[in-house]
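From first to last, the protein sequence lines stand for chains A and B. Every letter in the first sequence is one number past the one before it in our numbering, and letter 538, counting from 1, is 538. Every letter in the second sequence is one number past the one before it in our numbering, and letter 24, counting from 1, is 1024.
The reader is advised that the hints may include incorrect statements.
To be verified - Pairwise CB distance ranges (calculated):
1. Ala353/A with Lys1039/B: 12 to 22 angstroms
2. Phe1013/B with Asn445/A: 57 to 67 angstroms
3. Asp384/A with Tyr1018/B: 36 to 46 angstroms
4. Ala308/A with Ile1024/B: 18 to 28 angstroms
5. Leu1029/B with Glu350/A: 26 to 36 angstroms
6. Leu1029/B with Gln363/A: 39 to 49 angstroms
7. Phe1013/B with Leu98/A: 50 to 60 angstroms
8. Pro41/A with Leu1029/B: 20 to 30 angstroms
9. Ala353/A with Leu1029/B: 31 to 41 angstroms
Hints in this document: simulated from the structure, not taken from any laboratory. Note that CB positions come from ideal geometry on N, CA and C, so glycine has one too.
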Amino acid sequence: MSSLDWVVLIATLAIIILYGVWKSRGQQNMESYFLGNQSMPWYIVLLSIIGTQASAITFISAPGQAYTDGMRFVQYYFGLPLAMVVLCITFVPIFHKLKVYTAYEFLEKRFDLKTRTLTSSLFLIQRGLSTGISICAPSIILSSLLGWNLYWTNMIMGGLLIIYTVAGGTRAVAYTQTLQLAIIFGGMFLAGWMVVHLLPADIGFKQALQVSGKMEKLNVIVTKFDWNDKYNIWSGVIGGFFLALSYFGTDQSQVGRYLTARSVKESRMGLLMNGLVKVPMQFLILLIGAMVFVFYLYFRAPIFFNEAQLARVRGTAQGPALEQLESRYNQLATRKQQQVKELATALEQEDAAAAATAKKALQQTDDQAQAVRSAALSLMKEADPAADTNDTNYIFLHFVVNNLPKGLVGLLIAIIFLAAWGSIAAALNSLASTTVIDIYQRLYNGHASPEHYLKVSKLWTLIWGVFCIVVAQFASGLGSLIEVVNVLGSWFYGVTLGIFMVAFYLKRVGGTATFWAAIAAEAVVLAMYGAEKVSFLWLNAIGCVLVVIFALMIQPFVKQKTIAG
Amino acid sequence: MAIGPEEEKPPLFPTWGYWYVLVIAWLALLIILFYLFTKTYS
């Protein structure tokens, strides 16, 4: 990075920290610390919800996903608007009416203490581990691309935000997320504009879309159903609905955002607006990836985007063979450059026959290039069996670092930090609120002063911050971290959602039946994951349905036992 | 009688039901537009 990039990066991060500290003033008790005195308008709630969900990986990985697999990943978000509607009808009015700090408090009012403690414990395990991994994932990519020390990158990625999160609680989290998102959207817009601007002079946005479409990167809708296909319209609407309902309805990192709203009306508006903007937002982020794909048809792409990994293989016995494959890959890239020009010309002249011929030739060359790349990946595995041969997360940042002008590179790197901070800060705040409200205050110390609870809340925010950084330092050997986070979520989200579904809709089912149903469903979900029979996305729906069925089956026996007793 | 928090009137529309229909209709419209987008450029 140039000096200008460093100035932009440090200045952007410093502004956020100072802004967060400035917004931290006036914390007097747990209500102000965890609920922001329930004073937030809907647009702050909206931006806070988006900032919590959109982590660094969202902005790094989504364009790479479009580059490799096309834009069909957007279908993953189709269930989200439907989930927002259900939340507004069911969850939001109840949470506000009961004046809860956490979603799990409601479960004791509806069921009993053990169900509340079980659910809050599942949340703490899942969110604590996944936040640590969320710190590590972008750190690995940045440290590899820019040659930074991984441990120090983890410390900055997960450490600096602790300053304002500990000091200011949920209010500082919400206001910094607002500023962070303004910078993130501005930077991503500039990056998208630059991709098209950097294409050859005779290739405009329309031609780029046509080429990208012909290469099957604009496959937004896939209607074919397949249990093992993660991204089609069916898994998106149904699986995505259950995932979004679990995440926004039962994960305290999100529930804590809309509980800060000044009224039910403001919470609902924040959630409904999220339902309106989320899908188009993801579409635009993916479109950047589709444009980066076109860019690398005109300008040579490396055989593997994680160049640090490539460099390691060059120094091994497999190095000479890798160089031969790279040479072959570069020859094919030169041929592709010529063929893509022919395809663009044919499309421009609306010559369907010539376009079909050019597309076929380009596709054949691309297939050959992919075969050469596969051989190179096999060599990498041979040289280092522990090597991660998935470079999807490196594609967008490789483009940024190697092609964008000075200053903008620093801004895009800053965006990765800001996106990470937004979601991590919300996670730390929710981990602390669940620990203090559902565990410490409820089980150990229920009659202390407001000052004491405020002090304990700040202490637990700090403890969870340190815990997550420690997890991050050990997470680098876990393989594809984004998948690890999603798998962790799928283990617990469905069961947690099932508990809330029983609470809301099955009035005759009690706490004991729900508690044992949740334990049994969790065991089945983990066994199904181990058996590798279905894609992990479906585990959310399966876990939820199992809790409901098991609870209905167990309830009659619990009643009999109660009567007999 | 005072209006409870859950009965608060939404902005722009007379009831929340209109907002829910709007969100679902918007999703349906996006899916149709994305489908046409996919077909146009494939």
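Hint by hint, here is what the structure shows:
no. : hint                                        : verdict
1   : Ala353/A with Lys1039/B: 12 to 22 angstroms : holds (20 angstroms)
2   : Phe1013/B with Asn445/A: 57 to 67 angstroms : violated (46 angstroms)
3   : Asp384/A with Tyr1018/B: 36 to 46 angstroms : violated (58 angstroms)
4   : Ala308/A with Ile1024/B: 18 to 28 angstroms : violated (46 angstroms)
5   : Leu1029/B with Glu350/A: 26 to 36 angstroms : holds (29 angstroms)
6   : Leu1029/B with Gln363/A: 39 to 49 angstroms : violated (32 angstroms)
7   : Phe1013/B with Leu98/A: 50 to 60 angstroms  : violated (27 angstroms)
8   : Pro41/A with Leu1029/B: 20 to 30 angstroms  : holds (27 angstroms)
9   : Ala353/A with Leu1029/B: 31 to 41 angstroms : holds (35 angstroms)
Of the hints listed earlier, those the structure fails to meet are numbers 2, 3, 4, 6 and 7, in rising order.
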